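*Asks:* Taken in order, these protein sequences are the chains called R, C, F and P.
For reference, each letter of the first sequence is one residue, going 438 to 566 in this note's numbering.
For reference, each letter of the second sequence is one residue, going 13 to 674 in this note's numbering.
For reference, each letter of the third sequence is one residue, going 255 to 523 in this note's numbering.
For reference, each letter of the fourth sequence is one residue, going 14 to 159 in this note's numbering.
Everything labelled a hint here was simulated from the structure, so no lab data went into it.
Just so you have them, the derived chain C footprint on chain F, three or more residues with Cβ under 8 Å: (1) 414-423; (2) 467-474.
Mimicking EDC-like on lysine to aspartate or glutamate, the simulated pairs with C-alpha atoms at most 16 Å apart in a straight line are: (3) C:Lys246 <-> C:Asp324; (4) C:Lys483 <-> F:Glu468; (5) C:Lys118 <-> P:Asp51.
A quick note: this is a predicted structure, and the numbers were derived from the prediction, not measured.
All residues carry an ideal CB built from backbone N, CA and C; glycine is no exception.
The primary structure of each chain is shown beneath.
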Amino acid sequence: MNPGKKQAEMIREISGVNPLKCMKCGKCSATCPSYNEMDIKPHQFVSYVVNEDIESLINSKSLWKCLSCFACVERCPRDVKPGKLIDAARQMVVRKKGQDYLKADEIPELLDPELPQQLLVSAFRRYRR
Amino acid sequence: MQRIGVFVCHCGSNIAATVDVSKVAEMALMEPGVAHAEDYQYMCSEAGQAKIAAAIQEKGLTGIVVCSCSPRMHEATFRKAAERAGLNPYMVEIANIREHCSWIHKDMEEATKKAVILMRAAVAKVNLNTPLQAGESRVTKRALVIGGGIAGIQTALDIADAGYEVDIVEKTPSIGGRMSQLDKTFPTLDCSACILTPKMVEASAHEKITIYTYSEVEKVSGFVGDFTVDIRRKARSVDMNKCTGCGVCQEKCPSKKAPSEFNRGLNTRSAIYTPFAQAIPNVPVIDREACIKFRTGKCGVCSKVCQAGAIDYEQKDEIITEKYGAIVVATGFDTIKLDRYDEYAYSQSKDVITSLELERVMNAAGPTHGHLERLSDGKAPKEIVFIQCVGSRCADDRGKPYCSKICCMYTAKHAMLIRDKYPDVNVTVFYIDVRTPGKNFDEFYRRAVEQYGVNYIKGQVGKVIPKPDGKLLVQGSDLLDNRQILKEADMVVLATAIEPNPDVRKIATMLTASIDTNNFLTEAHAKLRPVESPTAGIFLSGVCQGPKDIPETVAQAGAAAVKAIGLLAKDKLMTNPCTAHSDELLCNGCSSCENVCPYGAITYEDKEVNDHGIRETRRIAVVNNALCQGCGACTVACPSGAMDLQGFSNRQIIAEVDAICR
Amino acid sequence: MKYSYYPGCTLRTKAKALDAYARASAAALGIELVEIEDWQCCGGVYPLGSDEIATKLSSVRALNEAKVKGQSLVTMCSACHHVIKRVNDDMKNVEDIRVRANNYMELDEPYAGETEVLHFLEILRDRVGFDELKKKVTNPLTGKKIGAYYGCLLLRPGRLLNFDDPENPKIMEDFIRAIGAEPVIYPYRNECCGGYISLKEKEMSKNMCEKIMESAEGFGVEMLTTACPLCLYNLNKSTGVKLPVVYFTELLAEALGVKEEIKEEVQAL
Amino acid sequence: MPLEKKEFKPKIVAFCCNWCSYAGADLAGSSRLTYPADVKIIRVPCSCRVNPMFILRAFEKGADGVIMCGCHPGDCHYSTGNYYARRRMTLLFSMLDYIGVESGRTRVEWVSAAEGVKFSETMNSFVEKIYSLGENVRLGDLRCKN
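With the rest of the complex left out, here is chain R:
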């Protein structure tokens, strides 16, 4: 099995999303508050999974720009949940050793006195294994 196919299957499994339900309406991209920061746009996540090009998805900036705000999940008329797809790709990265997006030594300079614990815990969970 080619690696792309295997990875695509993994993404489907982790996310529980069936990308074939997508009708390509673009409502996710119309909704996304991080749209302008993303190189691969939310509505494209689906095609990358369908086309089994997971490498590009894994290496995209978008992975780290998604806010998990669930706006796309809420508004998707086809129940595709692009946010879950991108999170699955993110999981695939951070589950590999040494691939954390947030390195331990960069944390101190990111802190400030008001910063709530919640922010650190959340970021840890999204960015690190």
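Dock chains C, F and P against chain R, hints included.
*Replies:* Only chains C, F and P this time, still in chain R's reference frame:
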């Protein structure tokens, strides 16, 4: 014991080349009950049929087996031949030794063996055949049309023009339906009222048509050709015979705050009202919830000003009972509620409206007298955004899974009309797909783009954001440009999904007409019987069957009328005798059969039975032969073996099985 | 009325005020919040992967403890609420997760989503009732124009959280009305503040919060209220328009006349 | 004298509904698409007329395989008949399986009136399967056999 004649056809060489036909005939004579066997060149020819007739008469045959082509081809032919010779036509069975044997096998010995077995199976079956009589039932030559929109009006006119009495039952105070709310119609842009009102007048003036407005179907019983229907005529509080339609009562009515249904709640009406100026009948009704007289007991202005003395506060609902031979459902549609799509800010901004509301805004008789203006501040809009597929093509429970079909076209129409009348207004349409299958439809849409400069953007809108200055910010996708767009607009129009009239569930239940998961009525066959319900005598007209535009609705309304006329034209209905029947001694009244019957043909009766000398009253399944279509679902569902199917009885099929496995 | 209470990590540290005001208000309303023992942090975000088990166990532990006590589980923080409610839904409806989580937990009796998870706002709406709350207000916040900031976590996904209409919520507006103030609706109240993105992409979340603030101010909001410490943090970082942002429990305490009582306590935090 | 080993000629009963699969079989015939003569078709109005008893009876009388064909789900002439048939057959087949009748001896196929090719392919593959399974002994009535 039967005296069976077996007739083996050569079909030229079609059969005879592969099957030893004389051998089959010879073997037939060895079967129990067979009194005669012969083979012939072409059994279906005049001469062949004559041979059958002669054998019936000469040999006193009580049953016939024809070994020939498929029964789908000539079963009817041979049954008629037998009937002409004085034999009950249902005593004839066919052994298909052409399509199922000679044509598919090459080895003569093998094919002949198989043909013999097929002959035996047919003989075994005929041994158990009983003469069947097609039943008869009467036909009441009157049709009921439920719903007085364009579908119902057209159906009623067509049936009435064929010379039959038709009653239209309409829930609202006037006929006209959704079409009366439309401003212009695609793809010709003619005024909706101009083409609809003449039809409304024609229907009301037609001597064969009776219109019951402000009325609802309350109860339906009976079956095809012989329905009995109770219609509730709601109290109008106005005497229809006395009212002259002068309109003074509406003018003087002090209660003017009820939302106008006709104008989709965009403005108000008086408590005594006709929905619109061209209403038929032109007799108002009193909305008792809004009327001061009914709420407080004081007022009575309408009664005082009515010269004709037509106001009747004491009027009560009235039930009328009528008999019909055919019923046409034409209950139409409404737009879905948008309360679960508030990302489009429909409930947050008055300037976000549905397309049907836009029809009223554009209409000269509408709340803005036809001026295109924002409903919040009355200002003329400069930027209008249309959003397609709001609630259509939706996989979750917020919307509808189907395409509403009409939206692409009416949006092109709206866009074009606006650009034509107000060239300085920019129009943008966010679409997922533009679907324009229909005569002159795509040309129409292209005209909106090419001649009128309507800006079509492929991509859905994610959110409509009301701004403090009253404008609307539309955040959408431009998928072809791969951009997220923020577009400022003065008005946003939502192409809202349509759904069947919510009342249709109740009506379908009364009619035992089946309904799909989207509440559309199911047709008897999706391709070949699109205007008939699976329930005999019930026909479908318009959007109650599925989304459609006006031309399609009118075409289907006509088709439904033809089917109804075809039924009404008969004096008597011959019923398929191959129906189910229950053995009253075996039936235990468990309702299993009733639950699987798709036609509602099974009911229960308390019947006195004589079970081996013991007389007692039992609940027993009774099949209505006029409704039963003979599928046999009930025969298998029956746990006690009481239910059986005539023509395909348990014993007959088992006899065939046995003959094949012998 | 006695409830199991899950404060969460931030209410023990940076958001002690959210907690203190909530407890004081609850007491004033006759609601007993019993903090569950040995609770662990919920993790802040709900693990979306369908194969994630370990990260959901702290929520299951809290849920089970409430179940053993036969109480509903109350949360104050939007994030905790989001995570625990969704994990509870998994335990109730996703067999795979239920079986595997129970295998880890080795509880006396398997946990299958029996506990009811409530946000404190839901208690105010569904148990106390806003009409009743209004009667108990001694110090109405009359004249104050307050904008509710919901953010994402309380509302979405709407079908799972079943908290309010995710596109046009009204629970916080009704709350604001009940305490005597005037709720102001503005369209960005359910748009994201940036959430955890503000740790590394500070500009992104700043831009988002500015949009929210601007929109709120434009519609006449004088003060924003939220249930989420992270939203409060991000909104306060906004550099453009600056509106005061307060926890809804602070407003509640003020309206119930208990804010002054614990003022010193809060200031000492 | 050694017993002569008879060549195995299976008995196969096919129940076909009048509206779709029987017409599909007719089309196979008029298109001259061959399938083994071991298959004998019994016409029923609808697949929902097929009582599981008929299938048991066939096995009892020595059938080696029974196949039931109906309209495609959603296309039933009587709207819902084939759904009932599908459920009943699923139940029956699971019971046959339990008794030890190989699951390959029974089959349900949806064949439309236009699918002559499918009908013949289905019959070919079914007959092949029955040949591979050999004679059915489990439900046969042994009393009359020599």
